[in-house]
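Protein chains in written order, with my numbering: chain X, 1 to 96; chain E, 1 to 96; chain W, 1 to 96; chain Y, 1 to 96; chain U, 1 to 96; chain A, 1 to 96; chain B, 1 to 96; chain Z, 1 to 96; chain H, 1 to 96; chain F, 1 to 96.
The hints are simulated quantities; they were obtained by calculation from the structure and are not laboratory data. Glycine residues also receive a C-beta, built at the ideal position from the N, C-alpha and C atoms. A few of these clues could be false.
[Unchecked claim] Each pair of labels, with its calculated beta carbon distance range:
#: 1; chain 1: A; residue 1: Arg10; chain 2: H; residue 2: Asp80; range: 13 to 23 Å
#: 2; chain 1: H; residue 1: Pro88; chain 2: B; residue 2: Ala18; range: 17 to 27 Å
#: 3; chain 1: E; residue 1: Arg19; chain 2: U; residue 2: Ala37; range: 42 to 52 Å
#: 4; chain 1: E; residue 1: Arg19; chain 2: W; residue 2: Lys20; range: 57 to 67 Å
#: 5; chain 1: X; residue 1: Ala66; chain 2: A; residue 2: Arg10; range: 25 to 35 Å
#: 6; chain 1: B; residue 1: Glu33; chain 2: Y; residue 2: Asp80; range: 41 to 51 Å
#: 7; chain 1: H; residue 1: Asp36; chain 2: U; residue 2: Glu17; range: 51 to 61 Å
#: 8; chain 1: W; residue 1: Glu33; chain 2: A; residue 2: Arg19; range: 52 to 62 Å
#: 9; chain 1: X; residue 1: Val24; chain 2: W; residue 2: Glu33; range: 47 to 57 Å
#: 10; chain 1: H; residue 1: Asp80; chain 2: F; residue 2: Asp16; range: 23 to 33 Å
#: 11; chain 1: A; residue 1: Glu27; chain 2: H; residue 2: Gly15; range: 17 to 27 Å
#: 12; chain 1: H; residue 1: Glu8; chain 2: B; residue 2: Ala18; range: 23 to 33 Å
10 protein chains.
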Amino acid sequence: MEFLVHIEVRWPADGDEARKAELVALEAERARELRDAGTLRRLWRVPGRWANVGVWEAADATELHAAVSSLPFFPWLEVDVSPLAEHPSDPGLGRA
Amino acid sequence: MEFLVHIEVRWPADGDEARKAELVALEAERARELRDAGTLRRLWRVPGRWANVGVWEAADATELHAAVSSLPFFPWLEVDVSPLAEHPSDPGLGRA
Amino acid sequence: MEFLVHIEVRWPADGDEARKAELVALEAERARELRDAGTLRRLWRVPGRWANVGVWEAADATELHAAVSSLPFFPWLEVDVSPLAEHPSDPGLGRA
Amino acid sequence: MEFLVHIEVRWPADGDEARKAELVALEAERARELRDAGTLRRLWRVPGRWANVGVWEAADATELHAAVSSLPFFPWLEVDVSPLAEHPSDPGLGRA
Amino acid sequence: MEFLVHIEVRWPADGDEARKAELVALEAERARELRDAGTLRRLWRVPGRWANVGVWEAADATELHAAVSSLPFFPWLEVDVSPLAEHPSDPGLGRA
Amino acid sequence: MEFLVHIEVRWPADGDEARKAELVALEAERARELRDAGTLRRLWRVPGRWANVGVWEAADATELHAAVSSLPFFPWLEVDVSPLAEHPSDPGLGRA
Amino acid sequence: MEFLVHIEVRWPADGDEARKAELVALEAERARELRDAGTLRRLWRVPGRWANVGVWEAADATELHAAVSSLPFFPWLEVDVSPLAEHPSDPGLGRA
Amino acid sequence: MEFLVHIEVRWPADGDEARKAELVALEAERARELRDAGTLRRLWRVPGRWANVGVWEAADATELHAAVSSLPFFPWLEVDVSPLAEHPSDPGLGRA
Amino acid sequence: MEFLVHIEVRWPADGDEARKAELVALEAERARELRDAGTLRRLWRVPGRWANVGVWEAADATELHAAVSSLPFFPWLEVDVSPLAEHPSDPGLGRA
Amino acid sequence: MEFLVHIEVRWPADGDEARKAELVALEAERARELRDAGTLRRLWRVPGRWANVGVWEAADATELHAAVSSLPFFPWLEVDVSPLAEHPSDPGLGRA
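Just chain X, same shape as in the assembly (with noise of 0.2 Å):
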């Protein structure tokens, strides 16, 4: 099942730079693999926000929640999901 996932990153604008670029890494790295898992289907920044909304492909909502609670950013993330259903008219459909 897909879920379109919409990411909003709390990271304070006077945080510490070091452990920013840290968690930046490990985040790409965590991304890399939920890729390679076939999780995290797709991935866009929204324009002019420390945000992204993906689709994400998980089991369920359980399974869902601790791949995105392992983002290395989890604790500053404000994230909002929702349910995918499919459409007869998705050019997607049968492609995966």
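Use these hints to put chains E, W, Y, U, A, B, Z, H and F onto chain X, whose structure you have.
Below, chains E, W, Y, U, A, B, Z, H and F without anything else, positioned relative to chain X:
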């Protein structure tokens, strides 16, 4: 450039059923054309609602508006468009 | 997987009373079927409103949409679906 | 009487980890007590967030407040309480 | 248990005046009955609107719903119900 | 004239406990004085929150502001004031 | 006591023009009466909308409601009333 | 002075097509006149909606209201006006 | 041109009292100057809040911004500005 | 393609004044560069706030994000981006 497009269909509950069926068929056909043109890339139902969320590709907002307003149901649609920027961790990058 | 489903009924105040009574009866019957199928697990009235909130069980959002849209009042419903993840402290865990 | 209770935990991202672990353990224990007392009937995680939604049973809002405010994390909680009325189609009616 | 109940009347501006007058009279009578039954304890107009806010007493949300939905204008009402818990500083405590 | 006053207490979760206890005691005393003065007529806890809703009596908004801003917790309060007009069906009319 | 009153006119776009003209004339006349009575003190158009914002004077919310609901357009109005308290720096203090 | 004006057109989906075409033509002509008068300086479509956002120039809000309310579609418009102040970094400063 | 200006003061509850008293005095003085300059015409307290609403006069939004941002508390203010257009029924018309 | 960009600056009221002055100077310089590059086309202050609204030109949302995130104040900015489509009545069409 990709856009996230959220569409709610405001068709009246007591609307004409024959007209509705006709528009649904036309809408499915138009969706196929937009898919073939590479404009409509993903489409999901919002569960519980007559609504969908999709990933659309267009050169810019002008071309996107032309595509969305070509939908047969357009006069009954409430549409919200969010621009999407590339994210370096997007699994879909370089795959199109 | 469980979903929290909030439903408001937008039946017009001056709607046809006979049609309304017929739909109410059909809705109760459909609710019984969904209960028997294990889809509808709990259902409450929102006090003061023609609205309800329920706990629904479905394999995924696609199956949930099929269930919700099978309600006779569906064209008059405003529905909000929230996905639910398991909580380790849920008293209901392992009891279904 | 049942209540739908939505809880967001506003623990600071850079909060003390030892204190947090201690409170998490106390919270789980308190949840068990509330379950054994029949006060907490269902509990789910809101996916992607440090938040939960639950079905609580209490004689009235005063008793409910006593239960919620007994949670060790209470000073960090943002809580929304919705009263629930019985629905004739509730599968859970007569089962408690 | 007490509830704070906010009611907006969505009667159409061009609605039938005779029907409206009839319903207003019935509503006043029903309010008197609810007062006599101890259900309706206080009632105020929201200035500038066809709306009111009231303090209602009921055993639980189910009984409250029965009371509110017994109002003759119920099909035209938009109602929001907030549960109220006792406050140790309430001047009304012990006075009912 | 009566006012409906909703108050949320924004005391920091990690605030000083001794100072908080002192303010709580002062607040209860001030509430008693406002009750004796006939200013505070009813007061309820909003269940699940450090918040209350009350019915206040004051000659006008200026006098009401003086009363609310005399609360020891005032600098930490988020207050919303709604003016109340008499309703002919108010059970409390003529009883004060 | 003064109130800030925001009024939106919800007259239907395809409403009867003669009836509208008649009500506009009656509304202007009623405004003059309210001005002469000292009830309506200032009135502005909200630019771009059929809406206005005004400063009204009334003994209390009950008297204010009587004044606002005396407007010929009242059944079509969406009105929000905010109570105003005296400010020591108000240039208008002592000038009325 | 410049204003940012957001306009949504609330024309009914099943409105008369001939009347709509006539108003669209009149609206385009009025837009040309407002452009020639220097009142309408920029205008964009909000993609996906029958809506636009524009930069308008007027001596004050009164003159702006006269301009906006001169649009043939005015009775069907939902308009939000935001006043704009000069910014020292505006590339358009001194260019008008 | 007149503007309706709503100001909330976001001074921290545990802010320095001496600095606050100093700013309050400076603010009152600045308000007097703005009154004498004809910029600040009316000012009210929003009851229950450290907030005010005022009627300001300025040539345009640029001049208004200069006036508002000259307030000593400006860095702590949350300000919303609404432009006001003349209304033919304004009792204040022709009286300034 | 053009974008409407709304920016609120969330610099703390008690932030370091020297650092702020330095960033303001850098921001003005960056704005000049963006103007010279044709990226920033118009910029206004939102009166009463440390906020601005601007018309930006970029090939797509990715390029726009690069421009906005190059602002020295970026970590303190709350940014909302709206895509703009061409309108046939835009006075600016064909003038760039």
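Each hint, compared with the structure:
1. A:Arg10 / H:Asp80: 13 to 23 Å: holds, 21 Å
2. H:Pro88 / B:Ala18: 17 to 27 Å: holds, 20 Å
3. E:Arg19 / U:Ala37: 42 to 52 Å: Hint holds: Cβ distance 50 Å, inside 42 to 52 Å.
4. E:Arg19 / W:Lys20: 57 to 67 Å: violated, 23 Å
5. X:Ala66 / A:Arg10: 25 to 35 Å: holds, 33 Å
6. B:Glu33 / Y:Asp80: 41 to 51 Å: Holds, since Glu33 (chain B) and Asp80 (chain Y) (Cβ atoms, about 46 Å apart) stay within the stated range.
7. H:Asp36 / U:Glu17: 51 to 61 Å: With Cβ atoms ~54 Å apart, the hint holds.
8. W:Glu33 / A:Arg19: 52 to 62 Å: Check passed, 59 Å falls within 52 to 62 Å.
9. X:Val24 / W:Glu33: 47 to 57 Å: The hint (47 to 57 Å, Cβ to Cβ) holds, given that Val24 (chain X) and Glu33 (chain W) are roughly 51 Å apart.
10. H:Asp80 / F:Asp16: 23 to 33 Å: Hint holds: Cβ distance 27 Å, inside 23 to 33 Å.
11. A:Glu27 / H:Gly15: 17 to 27 Å: Given a distance of about 20 Å, which is inside 17 to 27 Å, the answer is holds.
12. H:Glu8 / B:Ala18: 23 to 33 Å: violated, 45 Å
In this structure, the hints that do not hold are numbers 4, 12, in rising order.
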